[in-house]
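A.B. asks: In case you want the letters, here they are:
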Amino acid sequence: MSETLLEVKGLKTWFGQDEQPFKAVDGVGFNIRRGETFALLGESGCGKSMTALSLLRLNPYPASRIVAGEVKLAGDDLLPLSEADMEKIRGRRVSMIFQEPQSSLNPVLSVGQQIAEVLQWHFKLDKQAIYERSIELLKSVGIPDPQQRIKEFPHQLSGGMKQRVMIAIALAGEPELLIADEPTTALDVTIQAQILDLLKAIQQKTGMAILLISHDLGVVAQMADHVAVMYAGQIVETASREQFFNDTQHPYTRKLFEALPSEQKREQKLTVIKGTVPPLNQDFTGCRFADRCEFAWELCQQTVPQWIDNAGHGVRCHLYDPTIDIAETKKDLRVSSSKLSEVVPTDTALLQVDRLKVHFPIKKGILQRTVGHVKAVDDISMYLRAAETVALVGESGCGKTTVGKGILQLVPVTSGRVRFQGDELTDLSDKALKAARSSLQIIFQDPYSSMNPRMTINQVIEEGMLTSSIKDPQEKQRKIDELLERVGLRPDIKHRYPHEFSGGQRQRICIARALAAEPEVIICDEPTSALDVSVQAQILNLLRDIQHEFGLSYLFITHNIAVVDYLAHRVAVMYLGRIVEQGYREEVLNSPKHPYTQALLAAVPKINAETKHQTVKLEGELPSPANPPKGCHFHQRCPHVMPVCRETYPDLTQLSRSHSVKCFLYEEDYHGSTDSN
Amino acid sequence: MSFLPVFLWTDILIYMLLAVVAAGVFYVRKRPHLVTPWKSVLKRKRGMISIMVLACYVVIGLSDSIHFRLALESGGNGTETHYATEVISLFDLAAKPLRQQVEKTYSAPFSHQLYVKEMQKAEDGSLVYDYPRLKYGASHLENPSDKRDDIQQTMLDATLLSVVLVLLVYMAHSLLASWRNKSTVLTQAGRIIKGQSAYPLQTFYLMLFLLIMVTANLIALSANYHVFGTDKVGQDVLYQALKSVRTGLVIGTVTTLVMLPLAILLGIAAGYFRGWIDDLIQYIYTTLNSIPGVLLIAAAVLILQVYMNNNPDQFATIAERADMRLLFLCIILGVTSWTGLCRILRAETLKLREAEYVLASRALGASNFSILHKHILPNLMHLVMIAVVLDFSGLVLAEAVLSYVGVGVDPSMISWGNMINSARLEMARDPVVWWSLTAAFISMFILVLAANLFADVVRDAFDPRMQGAR
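Chains as they are written, first to last, in our numbering: chain A, 1 to 677; chain B, 1 to 470.
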């Protein structure tokens, strides 16, 4: 257990040939012992993926090159090896799985062929042996009915299944080290929990080491034995899990923890890290984090901090250097409060959704006859009061985005009503709808695709003022400047194009555009899920500030429970096109009633390292909305399933004035028949 | 000297195109975000070179597009002026010696004698069967053996002249820069020569020198020699190659003018509105696509030919007839070639209409029209631009092929296609006449290459993702 498997020393991978190379990885060193899980934690762009690729010499060539360092796998130095020798290492002794299972499987080869490829490459096996081994591998990654699945093609598998196949392929070479580059980032929470469990189980069985790359503190807390934090191409802190989560040392790491939204922080603003990651094509004379650090003093700007090892807990910070006299630090940190409790929603419903249905027809044949419907949104009723935040929670594919678009009439609504300020949006003519739309705005998930790349920021925001009363061009420009300042950007950026901005800045511009229309309701469609934790904190703070200022109502569509906990007044949980549970945040999140809500909450990785109790784990995956199961949609995955669940869909049960759930467990007539409660 | 202006149809279209380009320049100038990419085109060496080469072609083409009929010398009793039946252009006027120094038949480049032997009377009165001296080519020399020295001397003079010209431009540039930046002439001159500028000035001056040198040499040499030889009827091949420039440019640009509105309007309409509009447009272009293009072109050109033969009174001059045929060729080429671009634009529009910024725009209450022209069209322009420039070179080449087949431009119109067509027989001749084909090849190749390079640079400059990633 204690034998060192991988030893990395001073690894440097630089991009570009000119005088100012981009130092993506700049002197990274760590050790991984046999059988342990080593987590590399960091925000996007800090160089963690590039480090992993460099270990296998898979870094983009000739764009980048490894200029220095030593990578020793059980004593064998990998960097001087020839490409031919390297091929014997890759997939055999070290394998890798990637973030996007969609794009890492070849769509024209069957699952079996892709596994067989690895086996043929590394072992001398005949056809029959390869087949048997492939079946065995698929079984070991928990794929049901492997004899059938082995013949299937990637498009026939769900996202979770694909990631399992990827793991099977990675395991085919019986590696000593598995590099998992954000293996669950593209997956839903419940599927993520399954995959993480699988990785752990495999590790226990085979004793291989895992290098886990992640940005998610929760995943790291759940999986890792040892943690290293990367910032701007360097490791700034490394420790065992216990040390790391109990005694965070580096200011950057602390900030990361503080930036996480949670229930406890509801009454305050989230901590943000000021500024941005410095460009990596410069020579650093001081600490790379100094410009963004609250503790920084002159020394931090002048001298590069040394690596300080304190009983296995290493950190790269002057604060912990015993040879330096720390005179002026530890400023008292004030947390600016922003009390959610001050936002008191009114009692009148501003937006009322009544039995909304959005069905997409499935067309087939030459005559394009409708053969069925995808019931993306199926009978949803909810309401939103003025100055209130309602969170719509659910996994991908459950129809929550379609709800948002359905409310805005951006997709044709099959039936149901949307009432806003007394108008039935579903009945309005196109012209009247245009006028009403400016009061209902939407912010999208991906800030990269939600702005026209060929329009300047000025034009983007100006578009938001289409229906506004301001017609004078100068007045408009003044308003644009004002909006940009409001969302925390300098007005002089307005003649630049969207691609010049980072994800967080783009999301701010999108918010400014939405605000330009002077809306009353903003539908936030996962506005922070494409962003890093520290940037997410900035956006959440901004959203909360403008809610205070303008009295906005948010319909917050998300899968991130922590964000819900921080921001929402009420919560609605969606499963396969229907709301299964709805109520005040405390009611739904602290005492969930529907088995799906319970499982969803349990699947969220907890940061708190001590509470590692296992609760309900969901089996299986979301069924297709084109062909939902008979009876309760959830019965196939439900641990408390009763005969009646297979037959009919449960009615709404009102648990309290505000809390309602759709489950037979809470219906009077059926309550007695279950023995599990 | 009085003249009667003649407005040919293609001339008018070219002026219109010029007006559109001028309006475009005026529009772009006021918008910093549009000026930047165009500046970045100029900042790249390839962009600078291709623009300078294209500019030369455009100047030739434009000067060849101002047509008129010169007044004839009246016999003194003239209350009425008569005009020549021959329509000539500004370019013809400038290249008068080239146009009028017509030999009897073929002569090789820089030759002083014909390419075919003839019976001729020698000085002593005897009949000799030999290559006769040319009427114009190298006729100023007493002794043909001096030709080499004479050519060298002329080239040297022309090159020296071009050096002087470039230096003059350089001095003017330095003066202007020093006046603008309020510094001494010398420092500015130093800066320019060291290339200390955002623009590739060294490339600019090198290219300028090359262009001026080639031009000066051609002008100087063509006064006394046939630089590219003469063709079957003794016409200067250099003159033909230069006259072909206009034909090529017209085919390349006017066809685009016909094709673009069809492709853009129908492509966007099909992709954006879907439904029966989409079905109809798809039906039209699939049908059109399945008719062989050459067949359609041949049929259309033959119909026009019949029409012109039946109504000779509508076409006063040969030039007008030839021009009508050229215009018709442009139109029919446009009609057959819009389908490809239309298909691409439809597919791209299908993708764009689902983009989140289009949804956001609809959520903001934008109308269909404003979504189409603000979001869809600008995001298609790079495809249009690539298609236009690729088509431009393709069309210039297509003209050559069609003229070769015999359904291209009028035989009386000088074009690269007709030059190549006549070269078919010349190549079969013994000894081979190679210069027509070579001249057509070189002038066509440079144009197409410059256009393709230009397309590349423009695309890079306008693609937001490419900026800074170079």
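In case anyone wonders, no lab produced these hints; they're calculated from the structure.
Hints are not guaranteed to be accurate.
[Claimed, not checked] As a list, the in silico DSS-like pairs of lysine-lysine whose alpha-carbon atoms are at most 27 Å apart:
1) LYS476(A) to LYS351(B)
2) LYS374(B) to LYS476(A)
3) LYS30(B) to LYS182(B)
4) LYS151(A) to LYS127(A)
5) LYS476(A) to LYS434(A)
6) LYS30(B) to LYS471(A)
7) LYS121(B) to LYS232(B)
8) LYS434(A) to LYS45(B)
9) LYS617(A) to LYS205(A)
10) LYS232(B) to LYS117(B)
11) LYS200(A) to LYS479(A)
12) LYS194(B) to LYS182(B)
13) LYS200(A) to LYS139(A)
14) LYS232(B) to LYS135(B)
15) LYS135(B) to LYS104(B)
16) LYS479(A) to LYS194(B)
17) LYS479(A) to LYS30(B)
18) LYS104(B) to LYS434(A)
19) LYS194(B) to LYS104(B)
20) LYS374(B) to LYS471(A)
21) LYS127(A) to LYS363(A)
22) LYS431(A) to LYS374(B)
23) LYS351(B) to LYS363(A)
24) LYS431(A) to LYS351(B)
25) LYS351(B) to LYS364(A)
26) LYS139(A) to LYS88(A)
27) LYS357(A) to LYS351(B)
28) LYS104(B) to LYS117(B)
29) LYS45(B) to LYS30(B)
A.B. asks: Confirm or reject each hint.
C.D. replies: Quick rundown of the hints versus the structure:
A threshold of 27 Å between alpha carbons decides the hint, and for LYS476(A) with LYS351(B) the separation of about 32 Å lies outside it, so the pair is violated. For the proposed pair LYS374(B) and LYS476(A), the alpha carbon gap of about 18 Å is at most 27 Å, so the pair holds. Pair hint LYS30(B) plus LYS182(B) holds up; C-alpha atoms about 26 Å apart against a cutoff of 27 Å. Under the criterion of a C-alpha separation no larger than 27 Å, the hint pairing LYS151(A) with LYS127(A) is consistent with the structure, at around 15 Å.
With a CA separation close to 20 Å, the supplied pair LYS476(A) and LYS434(A) stays within the 27 Å bound. A threshold of 27 Å between alpha carbons decides the hint, and for LYS30(B) with LYS471(A) the separation of about 21 Å falls inside it, so the pair holds. Our distance criterion of 27 Å between C-alpha atoms is met by LYS121(B) and LYS232(B), whose separation comes to about 23 Å. Restraint check: the Cα-Cα separation between LYS434(A) and LYS45(B) comes to about 49 Å, which exceeds 27 Å; the hinted pair is violated.
Restraint check for LYS617(A) and LYS205(A): satisfied, since their Cα atoms lie roughly 21 Å apart, inside the 27 Å limit. A threshold of 27 Å between alpha carbons decides the hint, and for LYS232(B) with LYS117(B) the separation of about 14 Å falls inside it, so the pair holds. Distance hint between LYS200(A) and LYS479(A) is unfulfilled; the C-alpha atoms sit about 54 Å from each other, more than 27 Å. A distance of roughly 19 Å separates the Cα atoms of LYS194(B) and LYS182(B); the hinted pair therefore holds under the 27 Å criterion.
Restraint check for LYS200(A) and LYS139(A): satisfied, since their Cα atoms lie roughly 16 Å apart, inside the 27 Å limit. Of the pairs offered as hints, the one joining LYS232(B) and LYS135(B) holds, with about 15 Å between alpha carbons and a cut-off of 27 Å not exceeded. Our distance criterion of 27 Å between C-alpha atoms is met by LYS135(B) and LYS104(B), whose separation comes to about 8 Å. Between LYS479(A) and LYS194(B) the alpha-carbon distance is near 46 Å, which puts this suggested pair outside the 27 Å criterion.
For the given pair, LYS479(A) sits about 22 Å from LYS30(B) by alpha-carbon distance, which is consistent with the 27 Å threshold. At roughly 77 Å between alpha-carbon atoms, LYS104(B) and LYS434(A) are farther apart than 27 Å, so this suggested pair is violated. A C-alpha spacing of about 52 Å is found between LYS194(B) and LYS104(B), which places the hinted pair above 27 Å, so the restraint is violated. About 19 Å separates the Cα atoms of LYS374(B) and LYS471(A), which keeps this hinted pair within 27 Å; it holds.
For the given pair, LYS127(A) sits about 42 Å from LYS363(A) by alpha-carbon distance, which is inconsistent with the 27 Å threshold. Annotation: proposed proximity of LYS431(A) to LYS374(B) holds, straight-line Cα distance about 20 Å (limit 27 Å). Between LYS351(B) and LYS363(A) the CA atoms are separated by roughly 19 Å; this keeps the pair inside 27 Å, and the hint holds. This hinted pair checks out: LYS431(A) and LYS351(B) have alpha carbons roughly 26 Å apart, not beyond 27 Å.
Restraint check for LYS351(B) and LYS364(A): the C-alpha separation of about 21 Å stays at or below 27 Å, so the hint holds. In summary, the hint linking LYS139(A) to LYS88(A) is supported, as the alpha carbons are separated by about 26 Å, within the 27 Å threshold. As the CA atoms of LYS357(A) and LYS351(B) are separated by approximately 25 Å, the hinted pair is consistent with the 27 Å bound. At roughly 12 Å between alpha-carbon atoms, LYS104(B) and LYS117(B) fall within 27 Å of each other, so this suggested pair holds.
The hinted pair formed by LYS45(B) and LYS30(B) meets the criterion: a straight-line CA distance of about 25 Å does not exceed 27 Å.
Of the numbered hints listed earlier, those contradicted by the structure are 1, 8, 11, 16, 18, 19 and 21.
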